[in-house]
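There are 2 protein chains.
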Amino acid sequence: MAVVLQIGAGGVGGVVAHKMAMNRGVFSRIILASRTLSKAQAIAESIRLKGLGEIEVDCVDADNIELLVALINKYQPELVVNVALPYQDLTIMEACLRTKTHYLDTANYEHPNSAHFEYKEQWAYDESFKKAGIFGLLGSGFDPGVTNVFCAYALKHYFDEIESIDILDCNAGDHGYAFATNFNPEINLREVSSKARYWVRDSKGDLADNADLKEDTIYRKFEREEKHFALQANTQDLKQEDYCKGQWRDIAPLSLMKEWNYPEVGIKNSYLLYHEELESLIRNIKGLQKIRFFMTFGESYLTHMKCLENVGLLRVDEVEHNGNKIIPIQVLKTLLPNPASLASRTEGKTHIGCYIKGRKNGKERTLYIYNICDHKECYREVNAQGVSYTTGVPAMIGAKLIVEGKWGINQIKLTNNADNSDMPKGGENQGIDSNKGAGVWNMEQNDPDFFMQELNLQGLPFVVLEMKPNGGYEILEDGRK
Amino acid sequence: MAVVLQIGAGGVGGVVAHKMAMNRGVFSRIILASRTLSKAQAIAESIRLKGLGEIEVDCVDADNIELLVALINKYQPELVVNVALPYQDLTIMEACLRTKTHYLDTANYEHPNSAHFEYKEQWAYDESFKKAGIFGLLGSGFDPGVTNVFCAYALKHYFDEIESIDILDCNAGDHGYAFATNFNPEINLREVSSKARYWVRDSKGDLADNADLKEDTIYRKFEREEKHFALQANTQDLKQEDYCKGQWRDIAPLSLMKEWNYPEVGIKNSYLLYHEELESLIRNIKGLQKIRFFMTFGESYLTHMKCLENVGLLRVDEVEHNGNKIIPIQVLKTLLPNPASLASRTEGKTHIGCYIKGRKNGKERTLYIYNICDHKECYREVNAQGVSYTTGVPAMIGAKLIVEGKWGINQIKLTNNADNSDMPKGGENQGIDSNKGAGVWNMEQNDPDFFMQELNLQGLPFVVLEMKPNGGYEILEDGRK
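Those protein sequences? They're chains A and B, same order as listed. Going by numbering that gives the first Met the number 0, the first sequence opens with residue 0, and the numbers climb by one from there. Going by numbering that gives the first Met the number 0, the second sequence opens with residue 0, and the numbers climb by one from there.
Keep in mind that the hints were calculated from the coordinates and are not lab data. Be a bit skeptical, because a hint or two may be false.
[Unchecked claim] Sample of chain A residues lacking proximity to chain B, with all beta carbon distances greater than 10 Å (derived):
hint	residue
1	223
2	226
3	249
4	329
[To be verified] Computed list of lysine-lysine pairs in DSSO-like fashion (alpha-carbon distance at most 27 Å, straight line):
hint	chain 1	residue 1	chain 2	residue 2
5	A	324	B	49
6	A	220	B	38
7	B	362	B	348
8	B	49	B	435
9	A	324	B	257
10	B	213	A	332
11	B	257	A	220
12	B	73	B	99
13	A	332	B	119
14	A	155	A	226
15	B	226	A	213
16	B	332	A	332
17	B	38	A	226
18	A	226	B	220
19	B	213	A	226
20	B	480	B	285
21	B	226	A	348
22	B	220	A	348
23	A	38	B	226
24	A	375	B	324
25	A	324	B	324
26	B	220	A	257
27	B	99	B	467
28	B	324	A	38
29	A	244	A	348
30	B	405	A	332
31	A	220	B	324
32	A	467	A	155
33	A	213	A	324
34	A	348	A	405
35	B	435	B	356
36	A	244	A	324
37	A	220	B	99
38	A	220	B	348
39	A	220	B	480
40	B	348	A	226
Yeah, the Cβ is synthetic: ideal placement off N, Cα and C, and Gly gets one too.
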């Protein structure tokens with residue numbers, strides 16, 4: 000019997016609230032707070048209409064720590080589930096710290112004024128969370144989230160040591176519009192148009208290159224060398240940066256791709272991107288030599304992206320327009336369809352998986368662990384499309400494990416083998432359990448078995464394939480059966 | 000010795016002022032008024048630096064008739080040269096009427112809230128201009144303008160009757176940016192993304208179809224049937240409309256194209272568009288059975304256009320954004336490079352011409368009359384690129400002919416053979432000279448010879464080719480020699 004306070008009533012928020020309401024034995028009291036009360040009310044109404052009972056709704060400005068503290072004090076939840084905007088992670092963490100309340104989110108902190116993703120500022124809360132005796136779970140969505148758990152699960156059961164990980168994210172859905180984004184366009188487009196990076200341990204070894212990838216021919220087709228506006232540094236400043244006894248290697252946005260074959264979906268052009276789970280997996284997966292992240296994009300999406308970028312519509316800086324200040328990417332967000340409106344019209348599947356190479360008992364092996372989700376089925380179940388569903392369900396699972404006491408305080412943590420000397424003050428001992436499991440933790444630092452069991456039960460069943468050198472595979476596990 | 004008041008200090012305005020200053024014998028006193036004084040001052044400074052003497056500058060809001068009347072009364076010019084925005088044609092015409100001052104413009108009136116181009120509202124001033132004894136010259140740019148004069152010249156010297164006209168507009172310039180527009184983006188993009196139309200007299204005859212054209216494969220590539228916003232009627236409502244004993248035929252924007260061969264430039268994909276000179280040429284060119292207008296666009300330009308259209312950025316309606324109202328196409332204008340900034344960096348040529356088919360002495364013949372302009376040379380001469388130059392020079396020529404008394408009051412007009420019964424009140428007798436040449440006139444209703452002579456003298460020399468059935472040609476005139 001747990002009281003849980005959810006902040007955020009967007010597409011993902013709707014899924015989390017529905018799925019919590021489907022697990023009433025665990026979440027006895029659910030409070031959903033949003034900046035806009037009507038959005039929370041609409042979700043509560045949908046939950047009621049589905050016969051899943053009542054949830055409470057409230058209003059909060061998640062940028063304001065004082066208001067967040069007051070809200071938490073009002074309901075005294077065991078856990079705050081943050082599915083608000085990534086810009087608001089730090090204010091909500093601070094409010095949890097001040098009220099000594101457990102914390103969970105699905106995406107790492109992002110700076111409002113630069114497209115910059117990293118865990119450092121959240122890891123810096125580790126020491127104070129440890130002192131306060133509270134548990135903070137970072138990135139409990141699908142990617143990050145389930146992908147991290149897939150890796151931890153592979154390491155626990157199938158490998159002695161993992162050499163390389165390629166995370167593949169394919170949305171093969173179709174909403175019927177020429178261009179739209181499946182979640183907050185501002186966050187989606189910033190992510191995709193940022194420089195890409197992968198990580199490699201030995202910068203001179205065989206793995207240092209990307210011999211299996213080829214250059215993109217679509218995204219750069221309409222590019223000219225010179226822009227008529229100043230480019231942001233993060234898309235231009237390509238560097239090699241030492242990190243965790245290895246090296247980050249930057250590449251230009253959407254410049255390298257591979258035609259990955261997605262089981263049950265088919266071959267899709269997949270582009271190397273940076274994605275936040277790389278940063279924590281590097282620290283936590285034993286033996287890792289190389290990690291990359293790929294996302295599929297079609298020609299139309301990439302062409303729209305490049306054209307919008309060319310005219311300056313992806314800019315995140317302020318521009319003077321008719322006497323007012325506008326931020327171009329926010330104007331674009333205003334003009335694009337509301338991602339929530341896509342849910343009812345999206346068809347097709349999502350497919351996200353981890354391609355993992357390593358050794359077991361001295362022999363090389365390669366596994367592919369994945370989930371497939373059908374947009375129409377997600378909509379039938381919780382009025383959301385697959386991209387919101389795959390993020391929202393793992394958030395609920397993380398919350399469930401915390402309030403059930405399976406993850407969190409007093410639970411075993413998986414030791415990471417990383418060097419934390421590069422951590423900001425407060426994060427030096429992240430990944431080391433010094434106070435009964437309190438602190439700020441990434442997904443793969445918890446026992447993956449509980450989480451994997453829940454995936455099969457809560458609508459995101461997973462499949463484990465053993466990949467054969469001849470291109471075939473053997474099914475080792477299939478959670479759908 | 001004439002006093003002339005120019006309103007508008009944009010790219011075209013700069014050219015007009017420079018070229019008038021180069022013809023001091025005619026324009027003894029030049030006043031340049033602009034909404035933004037600094038823009039007029041910058042042009043005056045450039046004229047001074049080029050050793051072309053002084054022009055005066057003033058400030059005016061061209062949307063305000065009272066202020067325009069006061070400005071005209073202040074300087075008492077013989078002629079007002081309107082190179083402001085097309086939205087402002089009617090206010091400036093009204094001010095000229097009230098002050099009994101001759102009027103000239105380069106582009107027809109456009110409604111600010113719908114992408115709709117037509118002469119009717121300007122032709123409605125014909126009767127009152129006749130009564131006031133003033134001369135109004137409409138569309139004295141290149142197209143409309145020189146293209147109309149080319150047709151009148153062809154009819155006067157080379158044909159007994161013209162059957163069909165294809166006007167070709169090619170800008171083979173390169174500014175080095177991925178996407179920009181050569182003049183006011185709001186006007187440029189509205190024009191290009193509007194539905195296209197051509198006119199044909201006999202809707203069942205051989206000429207009714209466009210058998211020589213093919214469907215576009217670029218512009219529609221990224222189109223989906225459904226839009227996430229309401230489309231404006233003018234791009235959707237494709238109709239056939241009776242007009243002047245013939246028929247307008249609408250086609251979807253950028254849907255039909257032809258690979259025209261532009262002498263001295265080469266083959267370019269050219270798209271059927273609507274362009275305002277069609278409306279007056281139909282009424283004034285004897286025997287005309289069909290008229291079309293083509294403009295060249297590259298793949299990159301078309302793809303940018305379609306992507307911007309798809310996301311809603313070409314919309315001209317108001318949209319709520321963060322509590323303010325924005326008009327998407329105006330935001331796009333803010334983000335795109337200022338067309339004036341392109342001038343110094345544009346290379347290549349413009350090529351505009353009229354492909355004219357008809358009969359002389361019972362024999363079929365085909366002429367092609369054209370001008371070629373070099374962007375870099377234009378910039379050297381008047382700090383403008385070719386697109387501004389080709390519009391600005393004819394405005395000056397029109398003004399010159401008016402103040403020299405070669406066009407206008409007491410000068411012969413060419414009788415049009417059109418039925419004016421569809422004209423709005425005031426325009427019923429447009430094209431009929433009932434008061435010593437006063438009234439509102441289109442370019443082709445004046446003697447073309449004066450204008451053609453000036454083209455060769457003022458920087459826009461023309462070439463007349465006789466096209467042979469085998470694809471070759473004979474040069475009949477070349478104004479550059």
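To see whether the hints hold, each was checked on the structure:
no.: 1; hint: 223; verdict: violated, 4 Å
no.: 2; hint: 226; verdict: violated, 7 Å
no.: 3; hint: 249; verdict: holds, 22 Å
no.: 4; hint: 329; verdict: violated, 7 Å
no.: 5; hint: 324/A / 49/B; verdict: violated, 38 Å
no.: 6; hint: 220/A / 38/B; verdict: violated, 37 Å
no.: 7; hint: 362/B / 348/B; verdict: violated, 34 Å
no.: 8; hint: 49/B / 435/B; verdict: violated, 40 Å
no.: 9; hint: 324/A / 257/B; verdict: violated, 43 Å
no.: 10; hint: 213/B / 332/A; verdict: violated, 36 Å
no.: 11; hint: 257/B / 220/A; verdict: holds, 24 Å
no.: 12; hint: 73/B / 99/B; verdict: holds, 14 Å
no.: 13; hint: 332/A / 119/B; verdict: violated, 39 Å
no.: 14; hint: 155/A / 226/A; verdict: violated, 49 Å
no.: 15; hint: 226/B / 213/A; verdict: violated, 34 Å
no.: 16; hint: 332/B / 332/A; verdict: holds, 18 Å
no.: 17; hint: 38/B / 226/A; verdict: holds, 25 Å
no.: 18; hint: 226/A / 220/B; verdict: holds, 25 Å
no.: 19; hint: 213/B / 226/A; verdict: violated, 34 Å
no.: 20; hint: 480/B / 285/B; verdict: violated, 31 Å
no.: 21; hint: 226/B / 348/A; verdict: holds, 23 Å
no.: 22; hint: 220/B / 348/A; verdict: holds, 24 Å
no.: 23; hint: 38/A / 226/B; verdict: holds, 25 Å
no.: 24; hint: 375/A / 324/B; verdict: violated, 36 Å
no.: 25; hint: 324/A / 324/B; verdict: holds, 12 Å
no.: 26; hint: 220/B / 257/A; verdict: holds, 24 Å
no.: 27; hint: 99/B / 467/B; verdict: violated, 49 Å
no.: 28; hint: 324/B / 38/A; verdict: holds, 23 Å
no.: 29; hint: 244/A / 348/A; verdict: violated, 38 Å
no.: 30; hint: 405/B / 332/A; verdict: violated, 56 Å
no.: 31; hint: 220/A / 324/B; verdict: violated, 34 Å
no.: 32; hint: 467/A / 155/A; verdict: holds, 21 Å
no.: 33; hint: 213/A / 324/A; verdict: violated, 41 Å
no.: 34; hint: 348/A / 405/A; verdict: violated, 31 Å
no.: 35; hint: 435/B / 356/B; verdict: violated, 33 Å
no.: 36; hint: 244/A / 324/A; verdict: violated, 44 Å
no.: 37; hint: 220/A / 99/B; verdict: violated, 55 Å
no.: 38; hint: 220/A / 348/B; verdict: holds, 24 Å
no.: 39; hint: 220/A / 480/B; verdict: violated, 42 Å
no.: 40; hint: 348/B / 226/A; verdict: holds, 23 Å
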